[in-house]
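Chain A is already provided as a structure; the job is to place chain B on it using the hints.
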Amino acid sequence: MGNVKRKLLHQTLRGYGLYAVLILLLSTPFFYFLIQKLHLDDVDEGLVLRADEFKMHILPGLNASEIDQWNRFNRDMKILKEPVIKGDSLSFQFYYDSLITELEPYRVLLSPVKIGNLPYTLSVKNDLIESEDLIMSLALLYSGLLVVLLAGLFYITKYYSNRLWLPFYNTLDSIEQYEIDKTHKPDLPDPAIEEFSRLNQSVQNLIDRSKVTYENQQEFIENAAHELQTPLAVLHAKLDSFLQLPDLTASQLAALSPLYDLLARLNRLNKNLLLLSKIDHQSYHTAERFDLALVVEKTIDFFEDQATEKNIRFEHVKLESHWVVYNMALVEILVSNLLLNALTHNREYGVIHIELKGSTLIISNTGATSTVLAADKLFQRFAKTGNASKGNGLGLAIVKKITDLYGWKIGYSFEDGLHCFKVRF
Amino acid sequence: MKVLLIEDEAGFAHDVKTYLTSNDMTCEWANTIETTLENISLFEYDCILLDLSLPDGNGMKVLTELRKQNKTEGVIIISAKDTLETRLEGLQLGADDYLTKPFHLSELLARIQSLFRRKHFEGNNMLQLNEIQIDMMAKSVKVNDQLVEMTKKEFELILYLIANKNRILSKSSLAEHLSGDMAYMLDNHDFVYTHMKNLKKKLISAGSKDYIKTVYGLGYQWVM
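Line by line, the protein sequences are chains A and B. Counting in my numbering, the final residue of the first sequence is number 1173, and the numbers go up one at a time with none missing. Counting in my numbering, the final residue of the second sequence is number 245, and the numbers go up one at a time with none missing.
Just chain A, same shape as in the assembly:
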């Protein structure tokens, strides 16, 4: 399951957004009904008032014979024989409007009256057409205001958050780009906000301490390897001298042979350690223009004997000329370590394909094993993949370090039974 990461700002704005939508959805109908209710109360009050006025001023002087006359001239206040009711009642009713030929909503008050001792019903009505529109307009206006208000809040928050968190994002970028083995140190500013200032200080301290630790470690490796050189040289000389002693028997001489091999191995290991600790911009700062194809060709020549000895053939050697400006010694070290790797971890009668196309060098080889290697462990120091004791476990670490130094891409893949290393210069 992927752990979906949310952005800080989105997290803040999510709350705002949810709140705004909720308020809008809930308040708009509520507001609509509230205004409608207020308006209706107002209308009802008017109807009752008109009925009361009628009863007070007109009813006492009204004869039953005048009812038809009254009804003819009053559209909204009529005296009806039917229905007979006991108390006042308010209701909604629809009447046909001949002007716009539609049924229109009306509020109707029915009130019982007595004219000449006969019960009649007074009907007072008021149309609601205009008020409907008014309520709708009011509700829309209100929602509109709310939308504008919330949107404004949203964008202002976004704008200020962005500005507020800017130092944080700057620090984040600096840390992300920082690599301990590169020389430049990130230059973190001192922001006005206390928390960010503290963060930057802490990060700076952490980087400084790590850098010192890293440099100490590099220095230690270099010193250790250097100190080992002398005893190694003495051991070498002693062995060479011993070899010249007279009267050595054949079996004694044969016993010396593995010592030489071990010494060579120790020497190689030491040189590689020394190299690994020295690969940085300071030790290899010079750059020159050269043809990559020539370096590869030279390296192939160097390993020709080794390959013949193991019955390994170089095949599909396609080298296109490609001029670059780098430190040539480092490129040579890189190419030879890759080739050595392809030779060491090969099998008898195996093959090595080498292709230099543009700035891409591809070295693929048959392997002692025909399974995919763990790509993540491959470039680690002393990482043992599969059969142990071959190589000294530093070759590919050196390769990786050089590619890292120059920012080149290196990849491993397993294709058609070949272990394939690809470097993009």
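For the record, the hints were derived by calculation from the structure and aren't laboratory data. For glycine and all other residues, C-beta sits at the position ideal for the given N, C-alpha and C. Hints are all accurate, no fakes.
Part of the chain A face toward chain B, derived, beta carbon under 10 Å:
1) T978
2) Q992
3) T1034
4) E1052
5) E1080
Pair by pair, the computed Cβ-Cβ distance ranges are:
6) A:S1107 to B:D45: 50 to 58 Å
7) B:Q149 to A:T1119: 58 to 66 Å
8) B:T39 to A:N953: 51 to 59 Å
9) A:S909 to B:L109: 51 to 59 Å
When the alpha-carbon atoms are kept at most 30 Å apart in a straight line, the in silico BS3-like pairs for lysine-lysine are as follows:
10) B:K234 to A:K986
11) B:K174 to A:K1046
12) B:K102 to A:K959
13) B:K102 to B:K92
14) B:K174 to A:K986
15) B:K174 to A:K1066
For chain B alone, kept in the frame of chain A given last:
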């Protein structure tokens, strides 16, 4: 041939001295810059072997002093430092060769002899060993005046063998000599067998005696 060895590691110096002395060379030993400068002003040497990290300073001082006194001794720097910078600095200050520790004593001997030859035989540089004649300039080998076709590596091998004649050379010493600066990249020294076999075959079929003796499991020896 007279050699001055400047080296502060006594055990190492002793072995170098023994190895060179048993090869008909006179070897004197100094372990500080001070004694070195004294020796240089008093005696003449054919070759100076110079270590760089000495108790009383950097060995490069010796080089500048030699130059100041207009001395023409051949100098081989023997140092554990192997950065390009120190190498270039040494060569610019007048050193003739640079050998990184650790090395095979046989390699050192070959370098001393090569330096000596370069210094003393200008132009016509021929080596005659019984029926074998080696032309250093043309890089060719003749057996009984008959030219023997050789690869570059076979030629280097025969020179190295002769420089260390009658000494046992380990396979790794031969392999590293053939590989030069990149020697430490090798993880297998068996390829020497093939070259040696070919060289031996070529010499014998050209009418030379079989001088190359195989020391079983260890290496080879030029017996003369």
